[in-house]
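K.L.:
First to last, the protein sequences are chains B and E. For the first sequence, counting from 1, position 109 maps to 109 in my numbering; every step adds exactly one. For the second sequence, counting from 1, position 92 maps to 92 in my numbering; every step adds exactly one.
By construction, these hints were calculated from the structure, which means they are not laboratory data. There could be a bad hint or two in this list.
[Stated by the list, open to error] Calculated lysine-lysine pairs in the DSS-like style (CA-CA distance at most 30 angstroms, straight line):
hint: 1; chain 1: B; residue 1: LYS57; chain 2: E; residue 2: LYS16
hint: 2; chain 1: B; residue 1: LYS78; chain 2: B; residue 2: LYS42
hint: 3; chain 1: B; residue 1: LYS83; chain 2: E; residue 2: LYS3
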Amino acid sequence: EPEVTQTPSHQVTQMGQEVILRCVPISNHLYFYWYRQILGQKVEFLVSFYNNEISEKSEIFDDQFSVERPDGSNFTLKIRSTKLEDSAMYFCASSPGGMTYEQYFGPGTRLTVT
Amino acid sequence: AQKITQTQPGMFVQEKEAVTLDCTYDTSDPSYGLFWYKQPSSGEMIFLIYQGSYDQQNATEGRYSLNFQKARKSANLVISASQLGDSAMYFCAILNAGGTSYGKLTFGQGTILTVHP
């Protein structure tokens with residue numbers, strides 16, 4: 001069964017460093033998302049992406065964040081200058097679109113900023 | 001704006017019994033969808049079930065069913081015949097299916113379910 005994959009599973013970085021989190025969505029899906037979950041809290045929407053552009057972004061998704069779909073398979077989230085409060089689990093999700101609204105999540109990348 | 005409320009921080013159930021996890025929602029959009037996800041201790045988010053706002057029948061997926069009461073704005077998850085492997089955090093989420101917010105999920109705080117043998 002096709003699934004969303006994410007790499008790495010765990011990333012440790014120092015404050016101020018840039019990180020790139022990678023995702024491979026399900027191949028025939030059209031909509032892509034990033035969510036994050038700070039430890040012990042609920043899952044929060046960051047950004048949605050369709051047709052090679054951002055559809056919507058939350059107030060969390062400030063100028064330090066960017067997303068890219070550099071080729072036909074990868075979908076990346078970049079944090080330019082990480083802060084301690086960026087420590088969280090980051091989930092990528094994809095959806096086929098049309099009348100199918102289900103979003104399928106990847107296993108997540110745990111980002112730890114020290 | 002959409003809002004999801006899960007009022008049960010934790011629930012306990014005996015193995016093989018049924019359990020209901022509560023979820024109420026608030027939205028001004030006429031078209032929306034309701035989701036339940038399971039998050040085991042390993043951290044991944046597993047899609048369980050989906051209910052569209054215009055669906056006439058309650059959604060079912062195996063042992064999972066969604067008790068959708070539109071007038072009450074509730075979308076409770078019913079798990080029948082609980083198994084030890086059902087122990088996890090469960091999140092209810094709402095999706096706005098119109099306008100510029102297509103596909104954005106808003107999650108509740110979650111309910112931790114513990115299944116006792």
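K.L.:
What hints, given by number in increasing order, does this structure fail?
P.N.:
Result: hint 1 breaks, nothing else.
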